Amino acid sequence: MDIAIDTSKSRYQVDKNGYYGRFGGAYVPEMLFPNVDELQRKYMEVLSDPSFQQEFESLLRDYVGRPSPLYFAKRLSEKYKAKIYLKREDLNHTGAHKINNTIGQILLAKRLGKSRIIAETGAGQHGVATATVCALMGMECVVYMGSIDIERQAPNVSRMKMLGATVVAATSGSQTLKDATNEAIRDWINNPVDTHYILGTAAGPHPYPDMVARLQSVISEEIRKQLLEKTGSELPDYVVACIGGGSNAAGAFFHYLDEDAVKLVAVEAGGKGVHSGHSAATTQLGKIGIIHAAKTLLMQTEDGQITEPYSISAGLDYPGIGPMHAHLYETGRAMFLDATDEEALAAGYELSKLEGIIPAMESAHALAKLKDIPFNADDVVVVCLSGRGDKDLNTYIRHMNK
Amino acid sequence: MQNRIDQLFAAKQHGVLNIYCTAGFPELNDTLPVMTALQQHGADLIELGMPFSDPLADGPVIQDSGTRALKNGMSLHKLFEQLDGFRDRIHVPVILMGYLNPVLLYGVEAFVKKCAEVGVDGIILPDLPMAEYEADYKAVFEKYNVHLIFLVTPETTEARIHKLDSLSKGFLYAVSSSSTTGKDKDMSHQQAYFERLQQLKLQNPVLIGFGIKDKATFDTACRYTNGAIIGTAFIKAIEQSKDIDSSVRTFIGAIKN
Ligand SMILES: Cc1ncc(COP(=O)(O)O)c(C=O)c1O
Numbered sequence: 001m002d003i004a005i006d007t008s009k010s011r012y013q014v015d016k017n018g019y020y021g022r023f024g025g026a027y028v029p030e031m032l033f034p035n036v037d038e039l040q041r042k043y044m045e046v047l048s049d050p051s052f053q054q055e056f057e058s059l060l061r062d063y064v065g066r067p068s069p070l071y072f073a074k075r076l077s078e079k080y081k082a083k084i085y086l087k088r089e090d091l092n093h094t095g096a097h098k099i100n101n102t103i104g105q106i107l108l109a110k111r112l113g114k115s116r117i118i119a120e121t122g123a124g125q126h127g128v129a130t131a132t133v134c135a136l137m138g139m140e141c142v143v144y145m146g147s148i149d150i151e152r153q154a155p156n157v158s159r160m161k162m163l164g165a166t167v168v169a170a171t172s173g174s175q176t177l178k179d180a181t182n183e184a185i186r187d188w189i190n191n192p193v194d195t196h197y198i199l200g201t202a203a204g205p206h207p208y209p210d211m212v213a214r215l216q217s218v219i220s221e222e223i224r225k226q227l228l229e230k231t232g233s234e235l236p237d238y239v240v241a242c243i244g245g246g247s248n249a250a251g252a253f254f255h256y257l258d259e260d261a262v263k264l265v266a267v268e269a270g271g272k273g274v275h276s277g278h279s280a281a282t283t284q285l286g287k288i289g290i291i292h293a294a295k296t297l298l299m300q301t302e303d304g305q306i307t308e309p310y311s312i313s314a315g316l317d318y319p320g321i322g323p324m325h326a327h328l329y330e331t332g333r334a335m336f337l338d339a340t341d342e343e344a345l346a347a348g349y350e351l352s353k354l355e356g357i358i359p360a361m362e363s364a365h366a367l368a369k370l371k372d373i374p375f376n377a378d379d380v381v382v383v384c385l386s387g388r389g390d391k392d393l394n395t396y397i398r399h400m401n402k
Numbered sequence: 001m002q003n004r005i006d007q008l009f010a011a012k013q014h015g016v017l018n019i020y021c022t023a024g025f026p027e028l029n030d031t032l033p034v035m036t037a038l039q040q041h042g043a044d045l046i047e048l049g050m051p052f053s054d055p056l057a058d059g060p061v062i063q064d065s066g067t068r069a070l071k072n073g074m075s076l077h078k079l080f081e082q083l084d085g086f087r088d089r090i091h092v093p094v095i096l097m098g099y100l101n102p103v104l105l106y107g108v109e110a111f112v113k114k115c116a117e118v119g120v121d122g123i124i125l126p127d128l129p130m131a132e133y134e135a136d137y138k139a140v141f142e143k144y145n146v147h148l149i150f151l152v153t154p155e156t157t158e159a160r161i162h163k164l165d166s167l168s169k170g171f172l173y174a175v176s177s178s179s180t181t182g183k184d185k186d187m188s189h190q191q192a193y194f195e196r197l198q199q200l201k202l203q204n205p206v207l208i209g210f211g212i213k214d215k216a217t218f219d220t221a222c223r224y225t226n227g228a229i230i231g232t233a234f235i236k237a238i239e240q241s242k243d244i245d246s247s248v249r250t251f252i253g254a255i256k257n
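Chains as they are written, first to last, in the UniProt record's numbering: chain A, 1 to 402; chain B, 1 to 257.
If you are wondering where the hints come from, they were derived from the structure by calculation, not from laboratory data. What you are looking at is a predicted structure, and each value in this text was computed from that prediction instead of being measured. Fair warning: there could be bad hints in the mix.
Said to hold, decoys possible - Derived list of chain A stretches under chain B, where covered just means 3 residues or more per stretch with a C-beta under 8 Å from a C-beta of chain B:
#1 2 to 10
#2 180 to 189
Said to hold, decoys possible - Quick list of simulated restraints, FRET-style, between CB atoms:
#3 B/SER246 x A/ASP194: 20 to 30 Å
#4 B/GLY253 x A/VAL193: 54 to 64 Å
#5 B/GLN13 x A/ALA154: 35 to 45 Å
#6 B/HIS14 x A/MET44: 43 to 53 Å
#7 B/HIS189 x A/SER51: 29 to 39 Å
#8 B/SER246 x A/GLU38: 21 to 31 Å
#9 B/LYS12 x A/GLU330: 49 to 59 Å
#10 B/LYS138 x A/ILE288: 15 to 25 Å
#11 A/THR331 x B/LYS256: 26 to 36 Å
#12 A/GLU259 x B/TYR144: 25 to 35 Å
#13 B/ALA216 x A/GLU38: 31 to 41 Å
A virtual CB, placed ideally from N, CA and C, is assigned to each residue, including glycine.
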């Protein structure tokens, strides 16, 4: 397993100070310094430990159901005139890629001697994945979730509660993922000794972006092997992923970052249109600044107040992106596109009808851009299908007859 | 001119009272009236909060005061407008406290320069990392004789306290317990930590903040250090106030007498 590989030669991976180009770092108040410092000092040692890797691998295999299939989507391929493969993270236990990270971090938390786990969640997928591993390990679990998301992702709230987690509503600000993350960070400040914060995306202070990317890197590690078997080459022409904070994209891109032949495509949430005032397309609308203790691109006012984003998809409704992605954007290594609510809904319906797969609203954003990329007929395209759409049925149904 | 914070501590080593208030709160144009009343009724230092949309180190009371100030129309530019000429009336040292993002967007040097121009003496930016300050900004702060004040907590190691003390100017801000602002943690448990700070022979004066809310907690803090900082309790005392001056007088009176 390659989660602890040396990336120091890469142009796109984190440097020894915790930066991707000019993005990254750890802008934490002193109250959080000991916790973040401990993680910075220990995460690579833990991830490199053979006993950690063995436990991680065996849980991914026997509990999560990995490797997740790489499925050749024949009818979708016919429609878009390319060879389209779907990386089926939707088939993981709990229904999304999020569990790869939570399994890794709970094993890390145990090794750090922590007894209490906190997490933020947007779509509820990361909350469910955290509640699940806490049940598995018998640890206390508190999940912060924006009150708006509690409403629009109700099935996941019930799942977290059934798994024994306490779900706390974040009622400040836009009452979505950003505010849930603020509350989780405040909880960590108030509980500095016994608590580990399982951050759910490739954002936040160093080492989270790199740690989460590494724990998700099994996605591209598997894609390489599976593509080799299916096509005779480990390298596709395109890898396409949606991007909220950027964890599924980081995992899908990880082992391709320095393969210049592979085009990386990140799809942000355009909401009602990038310039409608209701959008979460950070690279289009953002400027450099600090959000959740990382220097990255974020949406903000001229006074430096972080603005409230909008997306139909709770998991993409975030005014920043992880620092790795800000760097991929700035260097031009990845192409950044955005999909509107409408486009994502249409793509969700299309995949359901063409392939019999109902995708998560988040993943539907990635699918929505297949129509806009100028493929050649023999291009091999991998789309990271980050999650399944059960949690979004209400949203889909509400728009069914429009 | 010597920095006003240094002048204060040269003249007074005990029982220094620093009061925090969010700028533009309760109403947009209350910034100066609140500061005037604080000086009038005996605050030794004033810490003005620059409201931010995502104040990670703050509890609900200060968060809400910031949200209200932002709704009132407060911004960094507005604040500097309000502070223009305030030194005609106010002579106590004034510190701005806030988060790094708005300051970065304003431009760190432009911000520090502006602080010096209007007569602000110190700045607290809890999310500015020590190493980045030292490498990128220390020279700027020194050039304009504006002090940057660092925080320490009960979890900060001794070596790190010394490092933060060596970079901090004016005073060192000792957070009473590891918490966000306004948490009611029992201060009696912090005694060992306060004693440890006392024994470290730090180069800066020390003020204790977080959880100081009344005469008893203020007096406890002052037994160990040069004084204390009150924020949340003061915000509560003026948030509903119809008469700022009399609310401030009552509040400070109860702490000092
Ligand atoms: C299925 C799914 N995909 C994608 C995301 C977006 O997160 P990230 O950008 O970290 O992959 C989420 C977040 O909740 C999700 O649930």
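Outcome of the hint check:
1. 2 to 10: Coverage by chain B is violated here, the residue count being 0 at a Cβ distance below 8 Å.
2. 180 to 189: Result for this restraint: holds, n = 4.
3. B/SER246 x A/ASP194: 20 to 30 Å: violated (45 Å)
4. B/GLY253 x A/VAL193: 54 to 64 Å: Distance hint for B/GLY253, A/VAL193 is violated at roughly 38 Å.
5. B/GLN13 x A/ALA154: 35 to 45 Å: violated (59 Å)
6. B/HIS14 x A/MET44: 43 to 53 Å: holds (48 Å)
7. B/HIS189 x A/SER51: 29 to 39 Å: Roughly 37 Å apart at Cβ, these two residues keep to the hinted range, so it holds.
8. B/SER246 x A/GLU38: 21 to 31 Å: With Cβ atoms ~49 Å apart, the hint is violated.
9. B/LYS12 x A/GLU330: 49 to 59 Å: Hint holds: Cβ distance 50 Å, inside 49 to 59 Å.
10. B/LYS138 x A/ILE288: 15 to 25 Å: For A/ILE288 against B/LYS138, whose Cβ atoms are near 22 Å apart, the range 15 to 25 Å holds.
11. A/THR331 x B/LYS256: 26 to 36 Å: With a Cβ separation near 58 Å, A/THR331 and B/LYS256 fall outside 26 to 36 Å, so the hint is violated.
12. A/GLU259 x B/TYR144: 25 to 35 Å: violated (49 Å)
13. B/ALA216 x A/GLU38: 31 to 41 Å: holds (35 Å)
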